[in-house]
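K.L.:
If you want the building blocks of each chain, they are given just below.
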Amino acid sequence: MNILVCISSVPDTTSKINFTDNNTKFDSNGVQFVINPYDEFGLTKAVFLKEENQASITVLTVGDPSVEPILRKALAIGADKAIRINYSPTDSYSTAYQIANHINSSEYDLIIAGKESSDYNNGAVPGMIADMLEIPFINACNGLTLEGNNLKLTREIDGGIENIQTKTPIIIGGQKGLVEESELKIPNMRGIMTARTKPLEVIESSDHTSLTESISFEKPAAKGSCKMIDENNINELVQELHNVAKVI
Amino acid sequence: MSIIVYAESWEGKFRKSTYEAVSYAKNMSEILQQEVKSITVGDISEEELKKLGIYGSSSVESYPNISKSDGKSVAEIIKEHAQNSKFIVFSNTFNAKSIAPRVSAKLKAGIITNIISNLENNNEPVFKRQSFSSKAIEAVKLNTNQGVLSIAPNSFELSEKQLDCKISVNQKTTESDLNIIGKDINKGKISLSEAEVIVSAGRGLKGPENWNMIEELADILGAATACSKPVSDIGWRPHSEHVGQTGKAVAPNLYIAIGISGAIQHLAGVNSSKVMVAINTDPEAPFFKAADYGVVGDAFEVVPKLIEEIKSLRNN
Numbered sequence: 001m002n003i004l005v006c007i008s009s010v011p012d013t014t015s016k017i018n019f020t021d022n023n024t025k026f027d028s029n030g031v032q033f034v035i036n037p038y039d040e041f042g043l044t045k046a047v048f049l050k051e052e053n054q055a056s057i058t059v060l061t062v063g064d065p066s067v068e069p070i071l072r073k074a075l076a077i078g079a080d081k082a083i084r085i086n087y088s089p090t091d092s093y094s095t096a097y098q099i100a101n102h103i104n105s106s107e108y109d110l111i112i113a114g115k116e117s118s119d120y121n122n123g124a125v126p127g128m129i130a131d132m133l134e135i136p137f138i139n140a141c142n143g144l145t146l147e148g149n150n151l152k153l154t155r156e157i158d159g160g161i162e163n164i165q166t167k168t169p170i171i172i173g174g175q176k177g178l179v180e181e182s183e184l185k186i187p188n189m190r191g192i193m194t195a196r197t198k199p200l201e202v203i204e205s206s207d208h209t210s211l212t213e214s215i216s217f218e219k220p221a222a223k224g225s226c227k228m229i230d231e232n233n234i235n236e237l238v239q240e241l242h243n244v245a246k247v248i
Numbered sequence: 001m002s003i004i005v006y007a008e009s010w011e012g013k014f015r016k017s018t019y020e021a022v023s024y025a026k027n028m029s030e031i032l033q034q035e036v037k038s039i040t041v042g043d044i045s046e047e048e049l050k051k052l053g054i055y056g057s058s059s060v061e062s063y064p065n066i067s068k069s070d071g072k073s074v075a076e077i078i079k080e081h082a083q084n085s086k087f088i089v090f091s092n093t094f095n096a097k098s099i100a101p102r103v104s105a106k107l108k109a110g111i112i113t114n115i116i117s118n119l120e121n122n123n124e125p126v127f128k129r130q131s132f133s134s135k136a137i138e139a140v141k142l143n144t145n146q147g148v149l150s151i152a153p154n155s156f157e158l159s160e161k162q163l164d165c166k167i168s169v170n171q172k173t174t175e176s177d178l179n180i181i182g183k184d185i186n187k188g189k190i191s192l193s194e195a196e197v198i199v200s201a202g203r204g205l206k207g208p209e210n211w212n213m214i215e216e217l218a219d220i221l222g223a224a225t226a227c228s229k230p231v232s233d234i235g236w237r238p239h240s241e242h243v244g245q246t247g248k249a250v251a252p253n254l255y256i257a258i259g260i261s262g263a264i265q266h267l268a269g270v271n272s273s274k275v276m277v278a279i280n281t282d283p284e285a286p287f288f289k290a291a292d293y294g295v296v297g298d299a300f301e302v303v304p305k306l307i308e309e310i311k312s313l314r315n316n
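Residue numbers (our numbering), protein chains in the order written: chain A, 1 to 248; chain B, 1 to 316.
These are computed hints drawn from the structure, not numbers from a lab.
Any given hint could turn out to be false.
In silico BS3-like cross-links for lysine-lysine, where the CA-CA straight-line distance does not exceed 30 Å [claimed, not checked]:
#1 A:Lys16 <-> B:Lys172
#2 B:Lys206 <-> A:Lys185
#3 B:Lys172 <-> A:Lys223
#4 B:Lys311 <-> A:Lys227
#5 A:Lys246 <-> B:Lys16
#6 B:Lys106 <-> A:Lys16
#7 B:Lys166 <-> B:Lys13
#8 A:Lys223 <-> B:Lys16
#9 B:Lys128 <-> A:Lys25
#10 B:Lys13 <-> A:Lys152
#11 B:Lys289 <-> A:Lys152
#12 B:Lys183 <-> A:Lys167
#13 B:Lys274 <-> A:Lys246
#14 A:Lys227 <-> B:Lys172
#15 B:Lys189 <-> B:Lys274
#16 B:Lys248 <-> A:Lys167
#17 B:Lys274 <-> A:Lys223
#18 A:Lys25 <-> A:Lys152
#19 B:Lys172 <-> B:Lys108
#20 A:Lys219 <-> B:Lys289
#21 B:Lys128 <-> B:Lys248
#22 B:Lys187 <-> B:Lys16
#23 A:Lys223 <-> B:Lys141
#24 A:Lys50 <-> B:Lys248
#25 B:Lys135 <-> A:Lys246
#26 B:Lys13 <-> B:Lys141
#27 A:Lys246 <-> B:Lys248
#28 B:Lys187 <-> B:Lys50
#29 A:Lys25 <-> B:Lys108
#30 A:Lys227 <-> A:Lys16
Please read these numbers as outputs of a predicted model, since none were measured by experiment.
Construct the entire structure; sequences and hints are all you get.
P.N.:
Encoded structure:
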């Protein structure tokens with residue numbers, strides 16, 4: 001089984017978010033970049049599938065050379081091969097197009113992406129790839145087991161879980177539940193050493209049509225200070241919520 | 001030409017998020033001088049379909065034989081109706097997220113998600129959206145004549161228009177590329193994405209046996225219950241209740257955090273809430289920097305008092 005794991009490089013969750021060039025660009029100065037948390041669940045799941053079923057794992061990202069550290073990390077965690085499509089993504093469509101183009105020229109059975117990236121939070125890339133390739137798409141996927149060519153999956157729906165059966169090839173938008181947080185792999189020394197010898201291929205991109213354009217950023221209005229209420233005067237809290245905030 | 005809304009239903013009923021999408025589309029349609037047409041799948045009564053008119057849908061195309069789980073077919077249907085539509089509007093549900101990107105790719109129409117601003121004029125449509133887990137607001141422009149839009153939940157007022165919604169029923173059938181073999185629905189519970197009030201608790205509660213008071217508080221407020229990541233990781237509460245960066249992002253009118261310190265990963269999932277209350281024994285808990293109201297105190301003393309006070313408010 002050939003598995004493709006699509007990952008993206010995002011600011012670490014604890015990063016301060018700032019913008020530069022007159023608030024038109026994300027300021028990456030001093031920001032630590034990590035594998036998008038939703039992608040990390042999928043990557044770890046791929047490593048488990050490989051341990052159980054002799055699979056090969058290709059990890060892919062779209063970006064300029066500065067994103068290569070996350071590919072090296074993914075190789076250290078257990079991917080066999082890495083691909084960087086040399087293109088700085090401008091919108092979901094152009095990103096999906098590059099990835100779909102690569103998948104078309106290869107043979108993958110299972111394509112794992114995250115349900116969204118924790119920076120732009122669009123969650124559109126995997127669904128677009130599904131449509132471009134005319135393959136099934138399981139969004140918010142939180143469980144996957146493999147029986148030959150048959151896949152059993154679960155996905156989160158509003159208010160519950162849906163159980164699904166389908167055949168490869170498919171693409172999923174993964175999240176927690178594919179593996180648990182405690183199962184996420186931290187690269188060990190041996191993994192880091194072997195990652196250096198694993199192939200990292202750079203593919204040139206084609207057709208850069210963007211359907212949307214990011215114009216500017218702003219920070220949400222700062223919250224007023226927190227009104228502290230004495231623990232012996234909970235009536236005041238209820239009155240505030242009822243009469244001032246009008247939320248109860 | 002009309003503005004298209006995907007009117008999602010649950011077991012034959014529409015929910016507030018659907019009406020929010022209709023209302024949002026109606027607001028745009030008044031600027032563009034067009035009508036709103038809803039598209040809906042699944043078995044829905046005529047009486048329920050008519051309700052789309054309350055919020056401004058002039059007509060609805062109903063597909064009773066098609067399941068909303070079949071995202072591929074739903075996207076194809078929407079595409080057929082949307083050939084000349086300027087905007088196709090979705091709410092921000094899991095189901096919509098399975099369909100909207102496909103519609104965007106099919107029509108080569110730009111997609112903008114998590115929208116929090118209305119269309120202001122028709123010259124050059126720019127929409128504001130939440131990004132960076134609500135730590136930033138991004139302005140995005142469409143480069144295409146058509147746009148696929150999904151709106152952030154609980155961000156737009158409903159406005160009643162009382163139109164008579166014209167119903168067309170289509171008997172089309174399709175074949176899904178997914179075989180749905182079962183569903184587990186959390187019966188009787190208010191879903192986190194739709195809840196107007198959420199009562200959430202963390203490790204400060206010391207054990208799963210202490211959730212009775214959380215459920216009681218949620219019950220009298222008509223609220224959904226949620227929890228922090230450590231609590232779902234240790235298994236005190238189901239994963240479906242975990243809100244935060246790697247769990248669910250929520251945007252209720254009121255979020256009450258009990259015994260949750262307010263780690264940045266948790267706040268990333270809740271800071272779109274309109275009003276936040278933090279109850280914690282530790283006066284240095286970071287949640288107090290994000291909350292609107294704070295109580296330093298023991299949850300086991302504060303929560304029962306809060307329940308009593310709300311009961312007496314309700315009785316007066």
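K.L.:
Are the hints correct? Go through all of them and say.
P.N.:
Verification of the supplied hints:
no.	hint	result
1	A:Lys16 <-> B:Lys172	violated (51 Å)
2	B:Lys206 <-> A:Lys185	holds (29 Å)
3	B:Lys172 <-> A:Lys223	violated (51 Å)
4	B:Lys311 <-> A:Lys227	holds (23 Å)
5	A:Lys246 <-> B:Lys16	holds (19 Å)
6	B:Lys106 <-> A:Lys16	violated (37 Å)
7	B:Lys166 <-> B:Lys13	holds (18 Å)
8	A:Lys223 <-> B:Lys16	holds (27 Å)
9	B:Lys128 <-> A:Lys25	holds (15 Å)
10	B:Lys13 <-> A:Lys152	holds (29 Å)
11	B:Lys289 <-> A:Lys152	violated (44 Å)
12	B:Lys183 <-> A:Lys167	holds (19 Å)
13	B:Lys274 <-> A:Lys246	holds (11 Å)
14	A:Lys227 <-> B:Lys172	violated (57 Å)
15	B:Lys189 <-> B:Lys274	holds (22 Å)
16	B:Lys248 <-> A:Lys167	holds (28 Å)
17	B:Lys274 <-> A:Lys223	holds (10 Å)
18	A:Lys25 <-> A:Lys152	violated (41 Å)
19	B:Lys172 <-> B:Lys108	holds (25 Å)
20	A:Lys219 <-> B:Lys289	holds (16 Å)
21	B:Lys128 <-> B:Lys248	holds (21 Å)
22	B:Lys187 <-> B:Lys16	holds (18 Å)
23	A:Lys223 <-> B:Lys141	holds (28 Å)
24	A:Lys50 <-> B:Lys248	holds (29 Å)
25	B:Lys135 <-> A:Lys246	holds (25 Å)
26	B:Lys13 <-> B:Lys141	violated (34 Å)
27	A:Lys246 <-> B:Lys248	holds (25 Å)
28	B:Lys187 <-> B:Lys50	holds (26 Å)
29	A:Lys25 <-> B:Lys108	holds (25 Å)
30	A:Lys227 <-> A:Lys16	holds (25 Å)
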